[in-house]
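The lines below spell out each chain.
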Amino acid sequence: MTGNRDAGNAIELALRKSARGDNPAFAEIVQEHQRMVFSIAYHFLQDRALAEDLAQEVFLSLYQHLRDIQSPEHLKYWLRRVTSHRCIDQKRRRRQELTLEEAELPAPEANTVPNDPMLAERLQKSVALLPERQRIVVILRYQEGMGPGEISEALNMPVNTVKSTLHRALADLRKKLERKIGEARYAFF
Amino acid sequence: MHFSEDDLRAALSHQDPSPDFTQRVMASIGQASERRRKAADARFASLVPPAMLRWAAAGVAACLLLGTGWFDFRHTEGERAKEQAMLALRVTNAKLNHVFVRAGLQHTGPAEEENSKIRKEHL
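From first to last, the protein sequence lines are chains A and B.
So for the first sequence, our numbering puts the first residue at 221; every next one is plus one.
So for the second sequence, our numbering puts the first residue at -4; every next one is plus one.
Only chain A is shown next, with the shape it has when bound in the complex (with noise of 0.2 angstroms):
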């Protein structure tokens, strides 16, 4: 608790510095939130490199947009915010489907353990197969950990909206997991 309230305050400080133009201060910032950033991003292209680029521009973005940018909870909010948006714009500009092709999944097991690196790796795949409002939502809910309300709040959409498309999103999923397993028994037999 102590140490999340020292955080804040080293950020805010970072804030106000950045702000000022000190540079070593916005490289704190970046420090600090590049993981979810890039995660945002890599759980949502599923690619690296253009990952990596996706969380470079948002951080360019946000140093031309400093001092916009009230307290550290705003900046957590505005990174998420705008990740979502570029990754969706992204998304659109290139049209680039993934080409996962389901044959490479590996075989699957009959059952499965929670948190099982294999499960883990299929659920991945499947979440980068997600129509693209879709696989957001479920990105900002899981990975992040935001309520409805504020991912309603990050991508503009009513809360209902949200809370169906998170609901279509899981059963789209649990859908694509039963096929996978149900065509690698049908290979395997």
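Please note that the accuracy of each hint is not assured.
As the list claims (entries may be wrong) - Pairs of lysine to aspartate or glutamate, EDC-like flavour, derived with a Cα cap of 20 angstroms:
(1) A:Lys396 / A:Asp336
(2) A:Lys395 / B:Glu0
(3) A:Lys396 / B:Glu0
No wet-lab data here; the hints were simulated from the structure.
Dock chain B against chain A, hints included.
Relative to chain A, chain B alone:
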């Protein structure tokens, strides 16, 4: 296949970017600032061409010199006029004293001293 929300959280856990990510961000910020500064300079240069800037500077310098010279000239002229006016007053005073002496009237004030002073000046 069944998965729980915890499985999804584990699958979507935070990942680290490359170790040099922060340095690359800071480098790109440095480049962007440099580009912006150059663009601003270019905009200013396009608004005021260098030749025009040089002429403007020369004009300002000439104005300053002329203004200072004119002020100095006016100041010296003023001092000279003041001295001439004082001399004219002294001469008038001496003449008046002389007239008063001739007319047999007594003149009050430092007339004699003034008279002798002017006479000395004229000699």
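Consistency of the hints with the structure:
At roughly 17 angstroms between alpha-carbon atoms, A:Lys396 and A:Asp336 fall within 20 angstroms of each other, so this suggested pair holds. Simply put, A:Lys395 and B:Glu0 have alpha-carbon atoms about 15 angstroms apart, close enough for the 20 angstroms limit, and the pair holds. A hinted pair counts as satisfied when its Cα atoms are at most 20 angstroms apart, and A:Lys396 with B:Glu0 qualifies at roughly 16 angstroms.
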